[in-house]
Amino acid sequence: MLVWWWLIARQGVGAHFVDVVLAGDAAVLPGLAVAASSLLDATSAPERVRLHVVTTRNDLDVVNEVLTCVVGDLDVRPFTPPHLKLGRAPARLTAELNYARLFLPDLLSVRKVVYLDADVIVEGDVTELHDTALVARRQAVAAVARPKPLRLAPSVKRNAAAKLKLAELGVNVTRGHGRLSTTLQDFNAGVLVIDLKEWRSLNLTRSVLRWMRLNDGLDIYTKGSNPPLVLALKDDFERLDQRWNCPARPKSTPLNPRCYNPAIVHLTGEAKPWDHHDPRWAAKLTPKIEDCLSRARRQSSTPPPPSGRRSFRLFLYFAFVLATVLFFAARYSLPFSPPKLLSALDSALGTGDDDDDARYCYYY
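Read in order, the letters of the sequence shown correspond to residues -15 to -1, 1 to 349 in mature numbering (1 follows the signal peptide of the UniProt record, and there is no 0).
Just so you know, the hints here were simulated from the structure itself, not pulled from any lab data.
For clarity, every value in this text was computed on a predicted model and none was experimentally measured.
Don't take each hint at face value.
Derived DSS-like pairs: lysine-lysine, alpha-carbon spacing no greater than 30 angstroms straight-line [stated by the list, open to error]:
no., residue 1, residue 2
1, Lys269, Lys257
2, Lys150, Lys133
3, Lys182, Lys257
4, Lys150, Lys208
5, Lys133, Lys148
6, Lys273, Lys257
7, Lys257, Lys148
8, Lys208, Lys269
9, Lys219, Lys142
10, Lys219, Lys133
11, Lys208, Lys219
12, Lys208, Lys257
13, Lys208, Lys142
14, Lys182, Lys208
15, Lys182, Lys269
16, Lys133, Lys257
17, Lys150, Lys219
18, Lys182, Lys142
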């Protein structure tokens, strides 16, 4: 405990704010709600926590409404990534918001943030993680290391150009069990502590984007947004204790044997806990969270009025159909004339011959 307070004093945080970032859209709202609620419940100083949520522009209102209902005041902001080719990883790994963590220095003006995926349960004090990480030396990222090195895409084994480019960029390649690996230690980017000032000074966003562009042409890695960050850092990251990112599959017990007294349980994989009734996650789904989610679902079930854009599309569709019918009627002398056709349409729509405005309003 004395060491912790010494580190806090050295960093000069005192009672400064702890900025925590979550990213997700309406599809993962249950996860966002549980993650936000659990981290505030577990901290000894919730008044220090400033919660930021990054979401899509389309889901901004519903995400803000639900999370404000659950935890109160927070900062919800839209994220529009640059035009990127996101590779061949599964859809859950190439979702745009999966890349939001790589652009946090452009979204926030604070010094340091804790980033959390939406599929976590926070059991420990996130202020402790924030205050003790990235204080011993100047580094941009702190993460929990995986026991294995970063593996490359299977195609690299037969791709001389990819191996040459990796060597040029200082990435050593080793032969593993059927696939090539780098000598770089892998980590899971679902829980990160990021020094945004140091990130900017190292221009890490540029390095990450370069690896993503190389991957588009050379197929170097799979698995979405994690590998380009590992490659950009080249082992220069602070190793957090395993308890801060304890991986588990929904409904699986026990937890990973490397974990002890987990501070953050990370329910990784394609099967998400809100879809597969994980008991650990369900225990954090409080009645208040369920009520906030239900209220949002009830409101979203009310169909919105047609927008002007939709009305214009309907107008173009009916105009095209009408023009096509009239064209063929004139060209092939079909046994009805355009005036009779319009009259028939009027009858079908319930308007009279003198009600031209009603007819044109319908088509528009």
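Status of each hint after checking the structure:
A C-alpha spacing of about 15 angstroms is found between Lys269 and Lys257, which places the hinted pair at or below 30 angstroms, so the restraint holds. This hinted pair checks out: Lys150 and Lys133 have alpha carbons roughly 22 angstroms apart, not beyond 30 angstroms. At roughly 33 angstroms between alpha-carbon atoms, Lys182 and Lys257 are farther apart than 30 angstroms, so this suggested pair is violated. With a C-alpha separation of about 20 angstroms, the suggested pair Lys150 and Lys208 falls inside the 30 angstroms cut-off, and the hint holds.
For a cut-off of 30 angstroms, the pair hint linking Lys133 to Lys148 stands: about 20 angstroms separates their Cα positions. With a CA separation close to 21 angstroms, the supplied pair Lys273 and Lys257 stays within the 30 angstroms bound. Only pairs whose Cα atoms come within 30 angstroms are accepted, and Lys257 paired with Lys148 is rejected, the gap being roughly 35 angstroms. About 29 angstroms separates the Cα atoms of Lys208 and Lys269, which keeps this hinted pair within 30 angstroms; it holds.
Restraint check: the Cα-Cα separation between Lys219 and Lys142 comes to about 21 angstroms, which is no more than 30 angstroms; the hinted pair holds. Among the hinted pairs, Lys219 with Lys133 is consistent with the structure: their alpha-carbon atoms are about 14 angstroms apart, no more than 30 angstroms. The suggested pairing of Lys208 with Lys219 holds, with an alpha-carbon distance near 17 angstroms, which does not exceed 30 angstroms. Between Lys208 and Lys257, the direct Cα distance comes to roughly 17 angstroms. Compliance with the 30 angstroms bound is thereby established for this hinted pair.
For the given pair, Lys208 sits about 17 angstroms from Lys142 by alpha-carbon distance, which is consistent with the 30 angstroms threshold. For the proposed pair Lys182 and Lys208, the alpha carbon gap of about 27 angstroms is at most 30 angstroms, so the pair holds. Pair hint Lys182 plus Lys269 does not hold up; C-alpha atoms about 34 angstroms apart against a cutoff of 30 angstroms. The suggested pairing of Lys133 with Lys257 holds, with an alpha-carbon distance near 24 angstroms, which does not exceed 30 angstroms.
Proximity of Lys150 to Lys219 is assessed by CA-CA distance (about 15 angstroms); at most 30 angstroms being required, the pair is judged to hold. Restraint check for Lys182 and Lys142: not satisfied, since their Cα atoms lie roughly 37 angstroms apart, outside the 30 angstroms limit.
Checked against the numbered hints listed earlier, the structure breaks hints 3, 7, 15, 18; every other hint is satisfied.
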